[in-house]
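Colleague: Sequence:
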Amino acid sequence: MPPVPEATRLYTTPFLLLCLSHALFAGSFNMMIPELPNYLRSMGGAQYIGLIIALFTVTAGASRPFSGKLTDTIGRLPVMYFGVFACIICGFLYPVMHTVAGFLWIRFFHGFSTGFKPTASSAYVADIVPWNRRGEALGILGICSSVGSSATPPLGSWVVSSYGINMMFYVSSLLAFISLIILIQLPETLVGNKKFKLSHLKVDKQDIFDPLVLPAAIVMICCYFSYGVLLTLAPDISDRLQLGNRGIYFTVFTLSSIATRFFAGKIADRVGRVPVIKASIFIIILAMLVYALCHTPALFYIASVLFGFGIGIFFPAISAWTIDLGEHDKRGRAMATMYISLEIAIGGGAFISGSYIGDHVGRVPYMFYFSALMGIIGLVYLYRYDNSKIMPLIKNLRNR
15 MPPVPEATRL
25 YTTPFLLLCL
35 SHALFAGSFN
45 MMIPELPNYL
55 RSMGGAQYIG
65 LIIALFTVTA
75 GASRPFSGKL
85 TDTIGRLPVM
95 YFGVFACIIC
105 GFLYPVMHTV
115 AGFLWIRFFH
125 GFSTGFKPTA
135 SSAYVADIVP
145 WNRRGEALGI
155 LGICSSVGSS
165 ATPPLGSWVV
175 SSYGINMMFY
185 VSSLLAFISL
195 IILIQLPETL
205 VGNKKFKLSH
215 LKVDKQDIFD
225 PLVLPAAIVM
235 ICCYFSYGVL
245 LTLAPDISDR
255 LQLGNRGIYF
265 TVFTLSSIAT
275 RFFAGKIADR
285 VGRVPVIKAS
295 IFIIILAMLV
305 YALCHTPALF
315 YIASVLFGFG
325 IGIFFPAISA
335 WTIDLGEHDK
345 RGRAMATMYI
355 SLEIAIGGGA
365 FISGSYIGDH
375 VGRVPYMFYF
385 SALMGIIGLV
395 YLYRYDNSKI
405 MPLIKNLRNR
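Taking the working numbering as reference, the numbering of the sequence shown is continuous, increasing by one, and the terminal residue is 414.
Calculated from the structure, these hints are not laboratory results. Treat the numbers as computed from the prediction; the structure is a model and nothing was measured. Each hint should be verified, as a subset may be incorrect.
[Unchecked claim] Computed list of lysine-lysine pairs in DSS-like fashion (alpha-carbon distance at most 27 angstroms, straight line): (1) 209 with 219; (2) 292 with 280; (3) 208 with 219.
Model the full assembly from the supplied sequences, consistent with the hints where possible.
Modeller: Spelled out as structure tokens, the structure:
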């Protein structure tokens with residue numbers, strides 16, 4: 015199909031189809047997260063719970079340089095295809111692996127899905143929407159991801175209680191398959207894309223990291239560390255507070271995120287990325303402090319709403335800022351760098367919290383205090399950003 019012409023409006027058929035596909039993709043791997051800790055315990059792997067998220071993010075982060083280079087070389091669509099296909103395959107592998115080691119290997123492979131699909135999706139969106147509505151568009155894409163993430167965890171828990179955990183894995187594959195069918199209908203947007211060669215998998219130092227987007231990467235690590243902590247601890251906290259369905263927490267959090275994404279991207283387009291990011295970090299820090307103090311379901315849900323608001327404002331603004339900082343013809347590399355920092359943050363938060371907490375429930379508040387401290391570090395960095403030597407350095411790199 016011919017490439018998409020320069021965008022003059024936001025709500026085009028390719029954009030809407032991509033959003034639908036992205037929602038199904040996000041739902042396919044998020045639906046199983048609340049049930050995986052107990053599943054791993056049932057196999058005798060309680061001490062490895064922190065690796066459920068950490069291994070997933072290690073692979074996702076390690077694959078970003080490859081997905082970024084391929085996105086800018088062979089096209090956006092092939093990279094998205096591979097990411098979704100990884101989800102389809104993994105849904106069929108989980109039921110046949112009955113050992114802790116086998117399960118962890120699948121989690122490791124499953125990370126390729128988010129290592130490829132979001133990088134290419136963000137670049138695709140930047141290609142097909144007007145430049146002055148980029149923040150809004152990325153916010154809408156985030157909303158669709160949040161819809162999938164919020165709707166499927168309770169569904170996954172219900173499927174497990176009604177039909178068993180293997181059926182949940184199969185439903186996960188089905189959602190990913192539908193996502194792939196939708197993607198096939200889209201046109202490629204990269205002009206002059208090349209046929210895949212094995213040599214494209216060779217990455218140089220400049221393919222791994224884009225120094226132009228370093229500020230966004232640093233802030234991402236500081237703020238998304240808390241997300242890794244929550245992904246690891248939320249299921250157990252839900253059990254301790256006797257909330258019943260472990261997926262309800264994810265629904266509360268993501269619905270709150272959706273509520274803010276409707277306007278966060280527009281505001282970032284109008285008043286600037288950095289002011290919006292600063293405001294979102296304040297909310298994230300507040301949420302972490304409420305989590306640290308919560309001992310009732312009501313406080314847990316209040317913290318979840320606050321965290322959803324913070325992340326919902328933060329993500330479209332940081333994504334748009336990343337694209338703004340990067341070069342026009344290297345959007346894949348810029349987004350890959352941002353997502354590498356995201357995976358480092360989530361993986362680090364998951365691994366550190368899982369290793370530190372173990373069976374010591376009394377340590378949980380300290381992880382949230384530490385997460386708040388990480389947010390404060392990111393906020394201080396942003397306040398020093400405009401008056402530091404970072405901006406001249408970035409301008410020099412761009413002019414080379």
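Colleague: Next step is simple, just say for each hint if it's right about the structure.
Modeller: Here is how each hint holds up against the structure:
1. 209 with 219: Within the cut-off at roughly 23 angstroms; holds.
2. 292 with 280: Status holds; Cα separation ~16 angstroms.
3. 208 with 219: 21 angstroms, holds
Hint violations for this structure: none, all hints satisfied.
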